[in-house]
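Chains Y and R are the protein sequences, given in the same order. At the far end of the first sequence sits residue 198, using my numbering, and the numbering has no gaps. At the far end of the second sequence sits residue 396, using my numbering, and the numbering has no gaps.
Hint data in this document are derived by calculation from the structure and do not stem from the laboratory. From the three backbone atoms N, C-alpha and C, an ideal C-beta is built for every residue, glycine too. You may find that some hints are simply not true.
Distance windows between CB atoms, simulated [what the hints assert, rightly or not]:
(1) R:311 <-> Y:73: 41 to 47 Å
(2) Y:114 <-> R:202: 42 to 48 Å
(3) Y:48 <-> R:330: 45 to 51 Å
(4) Y:128 <-> R:233: 49 to 55 Å
(5) R:264 <-> Y:72: 40 to 46 Å
There are 2 protein chains.
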Amino acid sequence: MDDDAANEILCATHRALCTHGYADLTLKHIAAETDKSKAAIHYYYDSKAALFTAFLGHLYEQYADRIESISGDRPREHLQSLLDELLATGDESPDEGIRTAMVEVRAQAPYDDAIRTQLTRFDEVLAEEIRTILQDGIDDGSFDESVDPELTAEFLTATISGAHTRHVAVGYSMDRVRDATRQYVETRLVAETTKVTP
Amino acid sequence: MDDDAANEILCATHRALCTHGYADLTLKHIAAETDKSKAAIHYYYDSKAALFTAFLGHLYEQYADRIESISGDRPREHLQSLLDELLATGDESPDEGIRTAMVEVRAQAPYDDAIRTQLTRFDEVLAEEIRTILQDGIDDGSFDESVDPELTAEFLTATISGAHTRHVAVGYSMDRVRDATRQYVETRLVAETTKVTP
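Extracted from the complex, chain Y is given alone in its bound form (with noise of 0.2 Å):
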């Protein structure tokens, strides 16, 4: 397969997406937003199930590479970065229209092995970022020994949906639960001997 073609077509999979959500994407719209045709883009992709598992991969990808680049001097810093990354909105984020179309592509998650597979991977790299900083922390002395890694990911990453799909459906704002997320890691997890008293 051509690499280039293949990846114009799922950033054109991307941009339809974010226009017209996933319920009523066609190939049309995938077409439009490129310069092949219909039957180009069967030509890679033989149907639109195999074209949306090959474009949710593409996806991971970015959001995988995304989630490494974010750093921090220390792992305290660098979770609080990460955070902060994640449950930015507007201005701040270019992930409102994607956020959109994810929620919706969530929905067909418990009817379509192929979609579940593919969202159990973004997930999965997300706590298992989380958990290695906290690890990280655990180890340098920044966060506190009593702090569970494996539950506390899970516990973040299970907030971080969370605040996804309610800013995403109902319009709430994420800034509260980031800042009641930042005091959460300053108090819960913060070793005390590390602490900066007020």
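Dock chain R against the given chain Y, drawing on the hints supplied.
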């Protein structure tokens, strides 16, 4: 309107939704769950949209009653009971079918004002109940006075919503989030003086 008949139609909608999901739900499916014809349902609700808005109102009343019915001797036990009930899975919970449908309904909310308005009430009633319990606990000294009831309620509501979505979409158990949430309440919210040393 004949209240009994209207109520019967809404209960039939509930059963049909659990069986067929939201995307595939038709008046025919709903009629099949009652002794009423499609025409009779039309007599009570003049569109599928009107029926569905009434159904969400009906579901909201049940949800609000259920949340209100959960009690505990003191605020700490009250909050833990509420979280346990909302994060119960499998045999412990009768909610599996409706939770799946509600994730689908949430995905429609960005495109449908009536659905969005109804869904906002579900989140609000839960956040309000958590806020009230937290304030009661601060007042009677069982929760730490530094706890911000508003912010903490938003945080826990997001976590519960995220746990439901991930459970429905990718089949994650909610047990670990429940454990982490219990731990959060005990270590972060409960006042030092009322903590029982293990």
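Evaluated hints:
1. R:311 <-> Y:73: 41 to 47 Å: holds (45 Å)
2. Y:114 <-> R:202: 42 to 48 Å: Holds - the Cβ-Cβ distance for residue 114 of chain Y and residue 202 of chain R, about 45 Å, lies within 42 to 48 Å.
3. Y:48 <-> R:330: 45 to 51 Å: Holds - the Cβ-Cβ distance for residue 48 of chain Y and residue 330 of chain R, about 48 Å, lies within 45 to 51 Å.
4. Y:128 <-> R:233: 49 to 55 Å: For residue 233 of chain R against residue 128 of chain Y, whose Cβ atoms are near 53 Å apart, the range 49 to 55 Å holds.
5. R:264 <-> Y:72: 40 to 46 Å: Given range 40 to 46 Å: holds, Cβ gap about 42 Å.
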